[in-house]
Structure formats: C-alpha cells, structure tokens
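J.: Take a look at the letters that make up each chain.
Number of protein chains: 2
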Amino acid sequence: MTIETASAASHAAPDLVERQTVTLFDESQPLTLASGRTIGPITVAYQTYGELSPQRDNAIFVCHALTGDAHVAGRHHPDDRKYGWWDGFVGPGKPLDTNRYFVICANVLGGCQGTTGPMSINPETGTPWGPDFPFITVSDIVKVHQALVDHLGIERLLAVIGGSLGGMQVLEWAARYPDNLASAIVLAAGAKLNAQGIAFNAVGRRAIYADPAFKSGRYYGDEHLPRFGLALARMIAHITYLSEQSIEMKFGRKLQHSDELTYDLLKETEFQIESYLHYQGKQFVERFDANSYLLVTRAMDYFDLVESYGPLANSLGKTDARFLVVAYTTDWLFPTPQSREIVRALMEARKHVSFAELDSPYGHDAFLIDSELPMLARLVTPFLETTYRSIGDR
Amino acid sequence: MTIETASAASHAAPDLVERQTVTLFDESQPLTLASGRTIGPITVAYQTYGELSPQRDNAIFVCHALTGDAHVAGRHHPDDRKYGWWDGFVGPGKPLDTNRYFVICANVLGGCQGTTGPMSINPETGTPWGPDFPFITVSDIVKVHQALVDHLGIERLLAVIGGSLGGMQVLEWAARYPDNLASAIVLAAGAKLNAQGIAFNAVGRRAIYADPAFKSGRYYGDEHLPRFGLALARMIAHITYLSEQSIEMKFGRKLQHSDELTYDLLKETEFQIESYLHYQGKQFVERFDANSYLLVTRAMDYFDLVESYGPLANSLGKTDARFLVVAYTTDWLFPTPQSREIVRALMEARKHVSFAELDSPYGHDAFLIDSELPMLARLVTPFLETTYRSIGDR
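For the record, the sequence lines run as chains D and V.
All residue numbers for the first sequence refer to our numbering, where the first residue is 723 and numbers rise by one.
All residue numbers for the second sequence refer to our numbering, where the first residue is 723 and numbers rise by one.
One should not assume that every hint holds.
Heads up, the list lumps identical chains together, so a pair's fine if it works in one copy or across two of them.
[Said to hold, decoys possible] Below, computed lysine-lysine pairings styled on DSSO-like, alpha-carbon distance capped at 30 Å:
hint	residue 1	residue 2
1	K989	K1004
2	K976	K1040
3	K937	K1004
4	K937	K989
5	K989	K972
6	K976	K989
7	K1004	K972
Since the hints were made in silico from the structure, they are not lab data.
Looking at chain D on its own, in the form it has when it is part of the complex:
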C-alpha cells in the first residue's frame, strides 16, 4: 500500500530524467574483451536519479535484463505515456528511494539504446558495425559498467541490483570487483544459464538468421528489416518469461475475435494467447535491433561463473558484500535451485546472505511486474537500509 501511494505521488511530482552519455575507453586505451579483441572508444548511455552523497556512499547500480535499457524510471518528456521499465521500484519513496540513494542505470555494451553496439559507427569503416561488432560477454558488460562508476567518481557502490541477465551481471561484478560493492541483490538469476535456457535462445537466434531480410546482419538502411525473425525470437522467449499458471489464468483457451472457432488454418491469432504473443513481437521490433539481440542472448549463454572463476565459494568468497538472493516459485527459466546454489556457496564461504523464494504466479518476469513489487520491496528496502547503516558504522 505504501508503495502504491508513493508511486502515485511521484507521478504527480516532476519525474523527468535525461539520458546522458559518456565516452570511455578511448582509442589509446581500448577495452580488451573476453574474446581477446579490443574495442574503443565506447559510448555509454546512462541515467541517474537522486543525488550522490558527499561521502559518495549511496550509489546503487541497476543492471538491466536482456532487452532493457538505461531508462529505468521516470519519463524523458512530459508527453511520454510510458515510464521507465522499473518505475514502480525506483523513485522518491520507492524501494530504490531516490530521496536517499543515487541510482545509476546504463545500457549494456552491445545494446541498441545508446551504448556502443552493432548499430554504432565502426570507426575503422565509418559505417555501422553490424555483424562485425565484436562478441561480448557478461564480463565485458560489467567492465564497461565499472568504468562508468569510476568515471562518476564512486569508489564503492552501496549496491548492485539486477534480475535475470541483470542478476548475472551482479554476480560477475561481485566476482570481478569484490571490493567495489557493499551489497549485491540477485533476482531471478543463476551462476550460469542451463541447457534449456541455451536451447530457447538458440531457436530464437535461428529465427533471426532464417529471416531473408537479415542478410547476415547487413540490413541497416534497408527497406525491409529482419522484423519477422526478431519478432518470432521475442515470441518464443516471451513464453519462457511467463509461467504456465499466469498464462492460463490470463488467457486460458479464450478466443480473440469471436465466441466461435473458425476452423481456419490461416487464422494465426484465433486464441487470445496467440494474439498476445503477436503483439509482444510487434512491440519488440519497434525498439530492438536484431544484431544486438544475437549478441546479448549469446552473452547470456556464455555466462558461467564457475567456468570463469572456479568454484562459487571461491569466486564469491572474495567479496565482503552482503548478498540478497531472490527466486520466484514459478520461474522456470531460472528455477529456485539455481538461486540455492549461489546461497549455498556464499554460506560455505561464511558470507552474509539472505535468501527468499517469493511466491508469485508470474514466472520469470515477476521481478518486473507492478503487482509483485511490494513483496520484493519488503525484502529490498530493509536490506538496503541495513547495508547503508553498516557502511556508516565502518
């Protein structure tokens, strides 16, 4: 209830935010990627909310999921009808309370919403990178985020938080920069993507590769973009973000246009669930780039903390960050055992870790769904307060 009121209040208040950019890793000091290739300069698109404290100890970095962006909360223009993707969670009086904390969110490397990615100009050719953009990993993404945090003059983050691919970034951050964060909040994620997750990403990518308009990734400027393939990839993935329960509750076998079955094989959106998936696909291609989609899904496939750093208890044992790990009962993309594996390793390493499996019908996407945020807030709000207090004591 508190949260809903706060949310309503903040929408009435000025909530405008600007997307900022900064150029990091200039040509003389390019970023060396996990693949061995280098890239630089890198433009990073990011947004900040609230004020950095004089002690620079109240900064929270939000890592977005697969197809998110820096626009985590608020609006860019007063006419915008849509708020940022986590507006219910980030803002004045909200769990990531911008009256207290300085919140940062940046678009990932390889993305398509402002940070250098396949749509950016390749300085060597003067044309967009397209499929020549280097392969990126979660570790590359986090290196760029850390460089942004350095640029902002923040030595140690109060928290790094993220769900799904965002949660993978949080884990990577804790392993790679153990001294740079006071807490880590991992939502609906795991220390690696399992085979089923790789399988779904693979069929989605295959839909893109198969689209004649994809043309091996060299489609920028074309009249026809690989929208069909990208939409299909999104439709497949979207099924995995929902739970059987939620999809059944919301759609079941309801028909879209009529009370009667049509017995028409060409009718692709006869059931509501079909129409909903088509809509999701259509919306997605308006805001996302196929080359970026290939890159970020592959980064997710490649993520494996044990493969990169050895046993979890070792890699996560290097940080003194306090951990909060959250799983959702109906999340089948990152089922609860994946969270438990992280929790066990942290306990084995004698680290502070809180764990909750939240009961939600909404599957993997639960951490993004407004109705489910109060439940998450009841964990995150006190966790952040305690972390903030513990820093003050130090």
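Chain D is already provided as a structure; the job is to place chain V on it using the hints.
T.: Coordinates of chain V only, in the frame set by chain D:
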C-alpha cells in the same frame, strides 16, 4: 528385465510387418468434419500385429502422437535399421503382447504417412490438396479410426491407448463412442491443451509461415521445400518434450566441437544442446510435411473435451470402459494436474479409474523412451490382463 529379454527375443524372431491401406468414406458417403466440410474418399494407412481372436475381443488400438505414424513396431524390410516408434512396447511378450492381443495402429487423417492428408491428390483438381486440405480436429481423426475398426469387423476394442495427442484421441474415443471400448489408457495427456501449449504450437507454425519456401503451402514439387521453417518448429517443440532435468543431465553446458569457447556469433552449434536440436530438426524434415504439421498442431490446439461434450464427468461418464491415466513427474507440456482433472471426473462419475504419476526425469517424451517403458509396463500389463479377463466374465 522380463521386457528387455522379450524385446531381444522378438528382434531375433521374424518381426516384419506390412503397411496396409484401405479406402473408407467413398464419395457417396463422405465424412462430415467438425468444420462442416466433407471429405471422401479417405485412404487410411494402418498396420496390425498379432491375430484377431475368433471372438474378436482382443483388439487394441494404438493412437499415435503428433508426428507419429502407423509403424508402431517391427520393421518393413529385413534391412531396416530402425524399428517402429514404440517397438519396446508392442510385440510378442511385450506389454501390448502380440501373442495375446491384436494391435492396430493407423496414421491420422491429415497426416503425411499414408493416410489422406495435404500431400494426397485432391480428387476435384487432380493435384495435391496442399493448403486446401480441410481443417481437421481430434474428433475427425477418431471418426476415421473408428471407421477403420468397423471395417476390420471389430465391434468393441479391448483397449484404446495413446500418449500426448494420442491420449487426446483416447479421451475423444471414450466420449464419442462410449460403447466401443472396454478400456482406455491415457498417457501424458489432458482433456484440453493449455494456453502454454497453444503458445508453443503457435510460434512453431509461425516459423513455417515465415519460410519463403512455404509459399502459402503451395510448395509441392518445388526444388526448395520449407525445410528451414519446419525444422525450427520441430526444434521449438522438441524442447517442450524434454524436461529441464533431462536436458541438463544429458547436455548441460557441454561444448560440441572443442573444449574452448569460440566467441563466434555465427557458430550456431557451439553447445551440444544446440547441435542436438539442429539434428532433431534435420531428421524431422526428412520424414514430415509442413502442411501436415500445421494441421495436426492446430487439431491439438482445438481439442477441448469440455467445449465439445460438456462437463468431463458427463462426457466420460457415458462409457463403462475401465480407465488407466498416467502422468509423468517432469512432463511440463501436460503437467500432472491435467491428468488429475480427468481422474477426478471419472471418480465423480463412479467409473473405474486407475491413476499413476510416474517418476521420470524425461519429461513429456517419457512414454516413448525405452528406459522408461518397464515402469509403464508394470501398470499396463496387469491392467490389460484384468480388462481382458473381465470381458471373458461378461
């Protein structure tokens, strides 16, 4: 153990079987489909095993799943390396014991393995039906199967058995022809397809529609068939036939060609699971037709026993058939609650029903997997024996 021995023995013994065909529903008496359209004549491809008893009371009809065919067991030629799709379950000394029972299996209407379907010649045009083939439902499929049973001179089947779409056919049979079966064995199925199942079928079909070689279904005789779209549809579906556990056990994150990650976005089969799915897709397009795939998946989407016949306790309450309903713990396409719903309705209707949830890591496909058959046999063998004995008493 018994089963394995029996199986080995039968492979040594003559196990050759011939595909037979019969033409039913001639032009003067065509089949009226659920859609209202009519079709006739209909050729049905079927195979039989064992001998029909003089009392004609030992016939078991096997309903195949989505992409199965009449070739349920044995071989067509001594040189065949592959046996029928349920060879571990059907044969002398096996659970569907062809020394005792007369087993029938027929390719479904709309299929592509001998029974009239989109690849057959449309008598009105003299060319293949293709996309003009009428829309079919599970009820249409069962009407044709029943006509075949009539043709074989069998008044009452000892059992109808099937898994997945085959299980839907069993339920339809019991509701539509309550007096024509003494028992019904429903494996890994439900009284309807849930929204998640419809969703997966929908994205699979969309992959086919999107293949430029599909050409609205008019591709017969073309150099390029819509293999890419059909393979992708199969790959998507195949993920749903496995469980997270089995896929993780078998493949996990193992690489296909090397011990080293390649950091190459064009490498589509870097992980073993990717390579496995590609193989599944490739194998499938060798044996299946895209137009048929569209038809049978839509038939599955449309299946809803309650929608067709009213409350389950009423529709299933009309038969005196003994029921055996089997679910698998890791089947997420037809999760156990779907089986329980059938069992509850049968109990409410005071019918004989046995129910088991079998513990298997193999997901939806468990009923087809050799290692899981002995577990199923321990239910089916005595169930059939008791049913057969109860008929004798009558």
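J.: A separate judgement is required for each hint: does it hold in the structure or not?
T.: Here is how each hint holds up against the structure:
1. K989 <-> K1004: Result: close both inside a copy and across copies, 17 Å intra and 27 Å inter.
2. K976 <-> K1040: between (52 Å within a copy, 27 Å between copies)
3. K937 <-> K1004: both (20 Å within a copy, 22 Å between copies)
4. K937 <-> K989: This pair counts as both: shortest intra-copy Cα distance 29 Å, inter-copy 16 Å.
5. K989 <-> K972: Within one copy only: 21 Å inside a chain, 38 Å across chains, cut-off 30 Å.
6. K976 <-> K989: The answer is within: 15 Å in one copy meets 30 Å, while 40 Å across copies does not.
7. K1004 <-> K972: within (20 Å within a copy, 35 Å between copies)
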